[in-house]
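Required output: the full structure, derived from the provided sequences and hints.
There are 2 protein chains.
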Amino acid sequence: MSARVEVVSESTDDGPAGPVVERRFDLIVGEQRVPGIQWLPVGDAPCPTVCIGHGGFQHKRIDNVLALGQMLAGGVGIGAVALDAIEHGERASDREASKRALRELASGDREAFRRHFGKDAIATMRARAKLHVAEWRAMLDALQGDPRTAGGPFGWWGVSMGTTHGLPVVAGDDRISAAVFGLNALRPGDEEFAADAAAVTVPVLFLNQWDDELMTRETSLALWDALGSKDKTMHVNPGRHVEVPRFERDASVEFFARHLLPAPR
Amino acid sequence: MSARVEVVSESTDDGPAGPVVERRFDLIVGEQRVPGIQWLPVGDAPCPTVCIGHGGFQHKRIDNVLALGQMLAGGVGIGAVALDAIEHGERASDREASKRALRELASGDREAFRRHFGKDAIATMRARAKLHVAEWRAMLDALQGDPRTAGGPFGWWGVSMGTTHGLPVVAGDDRISAAVFGLNALRPGDEEFAADAAAVTVPVLFLNQWDDELMTRETSLALWDALGSKDKTMHVNPGRHVEVPRFERDASVEFFARHLLPAPR
Chain A
1 MSARVEVVSE
11 STDDGPAGPV
21 VERRFDLIVG
31 EQRVPGIQWL
41 PVGDAPCPTV
51 CIGHGGFQHK
61 RIDNVLALGQ
71 MLAGGVGIGA
81 VALDAIEHGE
91 RASDREASKR
101 ALRELASGDR
111 EAFRRHFGKD
121 AIATMRARAK
131 LHVAEWRAML
141 DALQGDPRTA
151 GGPFGWWGVS
161 MGTTHGLPVV
171 AGDDRISAAV
181 FGLNALRPGD
191 EEFAADAAAV
201 TVPVLFLNQW
211 DDELMTRETS
221 LALWDALGSK
231 DKTMHVNPGR
241 HVEVPRFERD
251 ASVEFFARHL
261 LPAPR
Chain B
266 MSARVEVVSE
276 STDDGPAGPV
286 VERRFDLIVG
296 EQRVPGIQWL
306 PVGDAPCPTV
316 CIGHGGFQHK
326 RIDNVLALGQ
336 MLAGGVGIGA
346 VALDAIEHGE
356 RASDREASKR
366 ALRELASGDR
376 EAFRRHFGKD
386 AIATMRARAK
396 LHVAEWRAML
406 DALQGDPRTA
416 GGPFGWWGVS
426 MGTTHGLPVV
436 AGDDRISAAV
446 FGLNALRPGD
456 EEFAADAAAV
466 TVPVLFLNQW
476 DDELMTRETS
486 LALWDALGSK
496 DKTMHVNPGR
506 HVEVPRFERD
516 ASVEFFARHL
526 LPAPR
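In the order they appear, the protein sequences are chains A and B. Here this note's numbering is used: position 261 in the first sequence is 261, and no number is missing along the way. Here this note's numbering is used: position 57 in the second sequence is 322, and no number is missing along the way.
It cannot be assumed that every hint is accurate.
Covered stretches of chain A (chain B as the covering partner; in silico rule of three or more C-beta atoms under 8 Å from a C-beta of chain B) [to be verified]: (1) 234-247; (2) 250-260.
Just a sample of chain B residues kept apart from chain A, beta carbon distances all over 12 Å, derived [unchecked claim]: (3) 278; (4) 351; (5) 496.
Think of the hints as simulated: they come from the structure by calculation, not from any bench. Think of the CB as a built atom: it goes at the ideal place given N, C-alpha and C, for glycine as much as any other residue.
So, in structure tokens, the structure goes:
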């Protein structure tokens, strides 16, 4: 798919781990205009890139995505990009509904979870995923067309809906060489997701919340088991879907530093 | 219990993360003389200490214990001590038998696993644990008597037999404020171990091998579930009992740096 990037604005900000260049861009894919953010280390040196897929009802610059992008670029010299998923962020037809949903989910309202992540909602999410995966492939094409990021390597970070999107991206594209997944499940009979998981062979860090309202322990362990990677590690913490501990962000940064940066001598 | 330390020798060596002071000592507890090693950062500054409990058939200075001690002391400024467990290392009545057992276990010989870690072997290990736990408490007394280490804080690192010993140490001694456990299981009916696990309330990192020959997934998850700590993280990797990935040593060092060192400003 032909793809190009139009830079909307660029600034250098102080992140939690050091200064970071933040670039607001639109990815133009055919008729689509997909809003995105890129975080880059200061300077001109080539750098790896982590593609960040945000969660359901979130957007390209939500707190945890922003913090991860800033820590990668400002802390260890790895760039990052995030896109608004279909019907999310600037692409949402009802932004107030997304904000309301996020508040309900954060409060641990189990009824809201069933409403927002029930069977129909997941079917809609998966149908949109097919389109959004193509946008991510176009994003990788565009990164390969920019001298600073062309050489890769590339990683994927995305939990919850970020795994719904990322699993098929990583399964079908050998440009991604390390991935963080999690907060997602393999339900009995879901052969398409099982096949995607089996096709993932790159090193994986899998984040699992032991008291996740959205899935049983069995179905989340089933997704972990289904991953084809020999080099895979699962980090399990007590708590609900939205309660992944802060230190797992550091673990993600260390995981990418280990797999995307040259080994120290 | 009255306890004192007799230093046998001391040297400064280059470790993988920087120079490290290594002190060979004997801990004198009543009639007992327990051989130990202490790793310390170079200099005189007070430092935290991690107590390292080695695995079955191993000893106080086996490769992985030595590497962890050196990385803690040379890399992040945390001291460490290791003791020979009863009938291990210099205290073994048949050292050749231990070496033979380690070779058999490393080769993945399932029959050897059943022989060395069968019901009788585990009963013997648990009986000795009661005595060895008292030695570790004496070790903590001695550390509190040395101005350099007196202020703590103290941690525990020990998987497999190191958890058999460490769980009762940490459960019954509020001087330990963070612990790495793993490669161990809670079997149905083992109420004593369950009670020890429930009494552990400090932050825990739990290492779990998904294809461990010594236990089922259910019994290792049961031990993880039984831990009383609210702040606990389990790292699961594919592979056998002796195949814990190298990067989990880094994760242990990071865990202790997070819990035993002052927070960065």
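Tested hints:
For the segment 234-247 of chain A, the stated coverage by chain B holds: 7 residues have a C-beta nearer than 8 Å to a C-beta of that chain, and at least 3 were required. For the segment 250-260 of chain A, the proposed coverage by chain B is satisfied: 4 residues have a C-beta within less than 8 Å of a C-beta in that chain, meeting the threshold of three. At roughly 20 Å, the least C-beta separation between residue 278(B) and chain A is larger than 12 Å, which holds for a residue marked as non-interface. Every CB of chain A lies more than 12 Å from the CB of residue 351(B), the least distance being 33 Å, so the non-interface label holds.
Listed as a non-interface residue, residue 496(B) fails to keep its Cβ farther than 12 Å from every Cβ of chain A; the least gap is roughly 8 Å.
Hint compliance for this structure: hint 5 is the single one not met.
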